[in-house]
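Novice: Listed below are the residues making up each chain.
Protein chains: 4
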Amino acid sequence: MEDIRVKILERPELDNPVLIEGLPGIGLVGKLAGDHLLDELEGKKFAEIYSFYLPPQVNIQRDNTVELVNMGLYYWRSKKNDIILLLGGFQGLTPESQYRLSDKTLDIAEELGVDRIFTLGGLGTGSITRNPRVYGAATSRKLVKGLEEYGVVFRGSGAIFGASGLLLGLGMDRGMDAVCLMGETHGQIIDAKSAEAVLNVLTRILDIEVDMTKLAEKAKETEEQMARVSKMIDEQKKVMDRQFSMEQPTYIR
Amino acid sequence: MEDIRVKILERPELDNPVLIEGLPGIGLVGKLAGDHLLDELEGKKFAEIYSFYLPPQVNIQRDNTVELVNMGLYYWRSKKNDIILLLGGFQGLTPESQYRLSDKTLDIAEELGVDRIFTLGGLGTGSITRNPRVYGAATSRKLVKGLEEYGVVFRGSGAIFGASGLLLGLGMDRGMDAVCLMGETHGQIIDAKSAEAVLNVLTRILDIEVDMTKLAEKAKETEEQMARVSKMIDEQKKVMDRQFSMEQPTYIR
Amino acid sequence: MEDIRVKILERPELDNPVLIEGLPGIGLVGKLAGDHLLDELEGKKFAEIYSFYLPPQVNIQRDNTVELVNMGLYYWRSKKNDIILLLGGFQGLTPESQYRLSDKTLDIAEELGVDRIFTLGGLGTGSITRNPRVYGAATSRKLVKGLEEYGVVFRGSGAIFGASGLLLGLGMDRGMDAVCLMGETHGQIIDAKSAEAVLNVLTRILDIEVDMTKLAEKAKETEEQMARVSKMIDEQKKVMDRQFSMEQPTYIR
Amino acid sequence: MEDIRVKILERPELDNPVLIEGLPGIGLVGKLAGDHLLDELEGKKFAEIYSFYLPPQVNIQRDNTVELVNMGLYYWRSKKNDIILLLGGFQGLTPESQYRLSDKTLDIAEELGVDRIFTLGGLGTGSITRNPRVYGAATSRKLVKGLEEYGVVFRGSGAIFGASGLLLGLGMDRGMDAVCLMGETHGQIIDAKSAEAVLNVLTRILDIEVDMTKLAEKAKETEEQMARVSKMIDEQKKVMDRQFSMEQPTYIR
Chain A
1 MEDIRVKILE RPELDNPVLI EGLPGIGLVG KLAGDHLLDE LEGKKFAEIY SFYLPPQVNI
61 QRDNTVELVN MGLYYWRSKK NDIILLLGGF QGLTPESQYR LSDKTLDIAE ELGVDRIFTL
121 GGLGTGSITR NPRVYGAATS RKLVKGLEEY GVVFRGSGAI FGASGLLLGL GMDRGMDAVC
181 LMGETHGQII DAKSAEAVLN VLTRILDIEV DMTKLAEKAK ETEEQMARVS KMIDEQKKVM
241 DRQFSMEQPT YIR
Chain B
1 MEDIRVKILE RPELDNPVLI EGLPGIGLVG KLAGDHLLDE LEGKKFAEIY SFYLPPQVNI
61 QRDNTVELVN MGLYYWRSKK NDIILLLGGF QGLTPESQYR LSDKTLDIAE ELGVDRIFTL
121 GGLGTGSITR NPRVYGAATS RKLVKGLEEY GVVFRGSGAI FGASGLLLGL GMDRGMDAVC
181 LMGETHGQII DAKSAEAVLN VLTRILDIEV DMTKLAEKAK ETEEQMARVS KMIDEQKKVM
241 DRQFSMEQPT YIR
Chain C
1 MEDIRVKILE RPELDNPVLI EGLPGIGLVG KLAGDHLLDE LEGKKFAEIY SFYLPPQVNI
61 QRDNTVELVN MGLYYWRSKK NDIILLLGGF QGLTPESQYR LSDKTLDIAE ELGVDRIFTL
121 GGLGTGSITR NPRVYGAATS RKLVKGLEEY GVVFRGSGAI FGASGLLLGL GMDRGMDAVC
181 LMGETHGQII DAKSAEAVLN VLTRILDIEV DMTKLAEKAK ETEEQMARVS KMIDEQKKVM
241 DRQFSMEQPT YIR
Chain D
1 MEDIRVKILE RPELDNPVLI EGLPGIGLVG KLAGDHLLDE LEGKKFAEIY SFYLPPQVNI
61 QRDNTVELVN MGLYYWRSKK NDIILLLGGF QGLTPESQYR LSDKTLDIAE ELGVDRIFTL
121 GGLGTGSITR NPRVYGAATS RKLVKGLEEY GVVFRGSGAI FGASGLLLGL GMDRGMDAVC
181 LMGETHGQII DAKSAEAVLN VLTRILDIEV DMTKLAEKAK ETEEQMARVS KMIDEQKKVM
241 DRQFSMEQPT YIR
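Protein chains in written order, with the working numbering: chain A, 1 to 253; chain B, 1 to 253; chain C, 1 to 253; chain D, 1 to 253.
Read the hints as simulated data drawn from the structure, not as lab findings. If you're wondering where the values come from, they're calculated on a predicted model, not measured in any experiment. Be a bit skeptical, because a hint or two may be false.
Any copy, or any two copies together, can satisfy a pair, since identical chains are not distinguished.
[Claimed, not checked] Cross-link-like lysine-lysine pairs, in silico, BS3-like; alpha carbons within 30 Å at most:
1. K104 to K45
2. K104 to K220
3. K214 to K80
4. K142 to K45
5. K145 to K7
6. K45 to K145
7. K7 to K45
8. K214 to K45
9. K79 to K104
10. K7 to K104
11. K7 to K142
12. K7 to K44
13. K214 to K142
14. K214 to K44
15. K145 to K44
16. K142 to K79
17. K218 to K7
18. K80 to K142
19. K80 to K218
20. K220 to K80
21. K214 to K104
From just these sequences and the hints, can you work out the full model?
Specialist: The structure is reproduced here in C-alpha cells:
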C-alpha cells in the first residue's frame, strides 16, 4: 500500500461543488457539525482515505466486523452547490502527516472541481457561553467581507491548527477560496451548541436547511461514547505501557 | 539494506495455509499463545523479517552469539490447513512502522496463498477472572457467525491496536478473511490462562491438538525473564539517559 | 506539494550578496535583529519557503486573511553588498527537518551567488547584563580574526543549534564563508539590547546604517504578542490535549 | 545533501583491516577507549560521516572555527591487522537513524575489505568495581570460544543497543565476524578503569601496545568538559524550551 491510499467507491459528477471539512478538533465542534450534516443531508460516501499516517488501528463496529481507521468523503446534491463532506475520527498523527493528508485531500477536491472550501472548528476560550459566536478567517479580503454579512466575528490574530488551517493555507495556493468557521467554545466539553452556531452560519451561506433537533442528542451520545472509549483506552494504555516498558526499552528518545 | 528485509530460509509449498499472528501485546496473551503453538507443533522457521522499524538492538542468546531483532515466520503442516506463524519479541516502534510491517507481512502471506488470518491478543479488563472469555472481531458477518459457534463473545465496539488490528484491516482490502481472538485478561500480568483460552478456541477451529501443560510454566518463565530484562533495562536506561542528556541535548522536541 | 516548496516571487539580480539569517532562537535575539533589519532597510520579499517540516498551521493576519506558516527571503541593495534576509516565525520541527530546511536555503543562496553568510542568535547566560557582548564563531581562522577587529568575543568552545549552526556547517562544505554572531542574553527574556549589540557589529561589518530607536519598542510588542499567543496556545493546547487523549490513544510511544 | 554523506579525505589501501567502533554509550566506556586508541596510535582520519540523522548542530572548536557534527573514520597500520576506528560524539537520534548509520558504516567497511569488527561499550551494573570485568558477545560460537581465552566473561543473555549491537547484527548478515566487548561499569560515571579493561583485552587480541597512563586523565577531562557542556546545555535548553513553547505549540504529540 502506498502511504495514502484513496479508495474510490463512486466517481460522482458534481455541479459547482464545495468541500466541507469536519474532522475532530477543539470541542469536537467541527466533527459534530460535520457528522450532523451527513446524517441530516443523507450524504453518500464516495471515497475513503486510508493512510500510514493515521492510527494503526481497526475499529470494531456494531455488527462486530472491523473497519480500518480512515477518513470518508461524502457528497450530497443541493440546489446552490453540490456538497462534499470530509469526515473522520482522526487527523494525521504528526505535523508532517497533517500536511500530507491535507495535500492529498486537495488533490481529490481539485479533481472534482472544488473551488471553495469551508473548514469547521472550535475556538477554545476556557469559559462557557450561552450564545456562542462564530469566528472566521478566510483566504481573501473579499471572503472576509462576505462572511461579515452573516454575522461572523473576526479577531485579526491567532492561528488555526491541523486540517482546518492547512486546507486554507494549501488550498489558496491552488487558487481555491477557503473559509474557516470556528464556534466559540469552552474547550473541555463536547459542544453541541457551538456546532449548532457554526451550522447556522454555514447553512445560510450554502442556502440549505438542516434540522438541529438531534444535534444535542448526538453530542451527548458522543460524550458518553468518548467516556467509554477513553476509559477503555486508559486500561489498554496502562497495560501496553507496562508491556512496552518491559519489551521496548525507551533507551533512545 | 532496505527498510524491511525479508530473509527467506526456505520456500515451502503450502496447502491452503492460514496465517496466525502472535506478537507481543496486552498481557502478552498473543505472544504466549503463538510461542506455545510453535513449541508444541514444532513449526519450522522459513523466513525472518528484519527492519529499520524494529528496535536497534541485538539480543544475546544462550550460546552468547547475538541475533538481530527480527520477526520470524514458521510453518507447520496440518490435516485441515497448513499453518504459518508470525512471531517475535517486538512490534513496529511507531504508528507508521506498524503499518509498513503489517503490509509487508501481508505481501508474504499473499505470495504463499494465505486467504485466512487469525490474530491473537488480549483484552485488558483490569480485573482477574478464573475463566477468561475469548472475545472476537472479524472482517465479515459470516466469520462473526462462524466464531459464535465456538463460544467466542462479541461486544460490538472497541478498537484493536497494532498488528492484531492491521492484519485484519489491511488484509480485508486484499480479499482475505481475518479474525482476531482476544483473551480476557487483567492486563498487568502475563496471562497463561488467557492464552490457553484463546488457543482452545483456535485449535478447535483449525482442528489441531495442542498440549497445554507447559503453557503455564512458559508464562512463569516469561514473567521471570521479563523481570530480569526489565531490571537490566532499567539500569541501562538510567545510565543511557544520563549519558544522552550529557551528549544529546533534547533542545528540539 | 513537495516536502519543501520555494515560491519565487521575483528573481533579483544581486551584486555580491550576503545572506543574513534571523530565525527564532535563544532570547529571540536573532529574530528581533533580523526583523528590525527588514523594517529599517525596507527589504523586498522575493521568495517564500513552505514546508511539511514547519508547523501545520495558518496564521490569521490583521486583515483576517490567513497565511500558511513559511520562511521569507527578502533582499535589499546596499553599497558594499546586496543583502538577503532569511526570516520567519519557526524553525524546522525535528532535527532532520532542520537539516533539510537549511540545506534547501543554501541551494537558493548558492543560486543567487551568495558566498558569505551571517547567522544571528543569542547566547544564554542566565544573568542580565547592561552591556551585552557579542560572541562569535566562524568557518575559518581568517574570519575569526576579522571579527576580532569588530570587538567580537570568542570562547573556544560550545555548540550552535539549529539554522544558526547548520548554515555554517553545511555552508562551509559548499565553500561559503560563514559567521555566527551571538548576543549575550539572559535567555528568559526577549532581549532587544542583545539584538542591538548584534546589529551594531553586523552593520559595521556590512557598512550599513540602521536606526535602532524602534528596536526596544519592537521587543516590547513582541513580548506582549508572545504573551497573548502563549496564553491562547495554552488554552488550545489544553483542550486539544484532552481531545487527543480521547481520540488518539498514545498507546505507542 | 543526501541523508548520509560520506566525505572521503583519503582512500587508504589497507591490509587485512579490522573495524573498531568507539561511539558514546554506557559510561562512555566505548568512546573513552576508542578516543584513547586514536591518540596513542596516532591514527589518521580518512573519512567523515555527516548525516541528517545526527544532531543539527555545529561544535565550536578551540580555534573558534566550527565543525558540523560528524562521525570520523581513522586508520592505523599495525603488524597483524590494519585498524580502522569509528569515533564520534553522537549516535543516530532515532531507532531508524541508528540502523541507517550502522548500515552505511558497513558499506564503507566492506569496500575497505573489513571482515572483522570490534565494538566497544559498557555494561552498567549500578555498582562500582575495582577490577571491572570485560563481558562479550559475538556473531559465532567460534568467536565466543576465542574470546574466552582472553578472559572475556559471558552471560548468555541481555541485549546490546545502538551501533555496538547493530554493527554485529547487520555485519553478520554480510558475512563479517564481529565481537562486542563490554566493560563492567557503574553507569553513572565516566569510567576510565572500565575503558582500560576493555582496551587490555582488545590490544592483546590485536597484538598491539597502548600506553594507558593518559587514559584516567582523559576521563577526568571528559568528565569536566561534560559538566561544562551539560551546564551550558541546561541553560540553552531552558531558554529554548521557553522560546519553543512560545513559538511552537506542541499541540500535536
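Novice: Does each hint fit the structure? Answer for all of them.
Specialist: Tested hints:
In this homomeric assembly, K104 and K45 come within 30 Å of each other (Cα to Cα) both inside a single copy, at 17 Å, and across copies, at 29 Å. In this assembly of identical chains, the alpha carbons of K104 and K220 never lie at most 30 Å apart, being 33 Å within a copy and 41 Å across copies at closest. Taking identical chains as interchangeable, the C-alpha atoms of K214 and K80 lie at most 30 Å apart only when both belong to the same chain, with a minimum of 25 Å there against 52 Å between chains. Taking the shortest Cα distances, K142 and K45 sit within 30 Å of each other only across copies (24 Å), while inside one copy they are farther apart (32 Å).
When the C-alpha separation of K145 and K7 is checked against a cutoff of 30 Å, the pair qualifies only between copies, where the shortest distance is 28 Å, while the shortest distance within a copy is 38 Å. For the homomeric pair K45 and K145, the shortest alpha-carbon distance between copies (27 Å) is at most 30 Å, but the shortest distance inside one copy (33 Å) is not. In this assembly of identical chains, the alpha carbons of K7 and K45 lie at most 30 Å apart only when taken from the same copy (11 Å versus 36 Å across copies). Taking identical chains as interchangeable, the C-alpha atoms of K214 and K45 lie at most 30 Å apart only when both belong to the same chain, with a minimum of 21 Å there against 51 Å between chains.
For a Cα distance limit of 30 Å, the shortest separation of K79 from K104 inside one copy, 28 Å, qualifies, whereas the shortest one across copies, 47 Å, does not. In this assembly of identical chains, K7 and K104 lie within 30 Å of each other by CA distance both inside one copy and across copies; the values are 12 Å within and 20 Å between. Taking the closest pair of Cα atoms, K7 and K142 come within 30 Å of each other only across two copies (24 Å); inside a single copy the shortest separation is 36 Å, beyond that limit. Taking the shortest Cα distances, K7 and K44 sit within 30 Å of each other inside one copy (14 Å), while across copies they are farther apart (38 Å).
Taking the shortest alpha-carbon separations for K214 and K142, neither the intra-copy value of 34 Å nor the inter-copy value of 33 Å comes in at or below 30 Å. When the C-alpha separation of K214 and K44 is checked against a cutoff of 30 Å, the pair qualifies only within one copy, where the shortest distance is 19 Å, while the shortest distance between copies is 54 Å. Taking the shortest Cα distances, K145 and K44 sit within 30 Å of each other only across copies (28 Å), while inside one copy they are farther apart (32 Å). Taking identical chains as interchangeable, the C-alpha atoms of K142 and K79 lie at most 30 Å apart only when both belong to the same chain, with a minimum of 23 Å there against 41 Å between chains.
Proximity of K218 and K7 under a CA criterion of 30 Å is satisfied intra-copy only: 28 Å inside one chain copy versus 44 Å between copies. In this assembly of identical chains, K80 and K142 lie within 30 Å of each other by CA distance solely inside one copy; the values are 20 Å within and 43 Å between copies. When the C-alpha separation of K80 and K218 is checked against a cutoff of 30 Å, the pair qualifies only within one copy, where the shortest distance is 27 Å, while the shortest distance between copies is 48 Å. In this assembly of identical chains, the alpha carbons of K220 and K80 never lie at most 30 Å apart, being 32 Å within a copy and 49 Å across copies at closest.
In this assembly of identical chains, the alpha carbons of K214 and K104 never lie at most 30 Å apart, being 32 Å within a copy and 44 Å across copies at closest.
Consistency with the previously given hints fails for numbers 2, 13, 20 and 21, ordered from lowest to highest.
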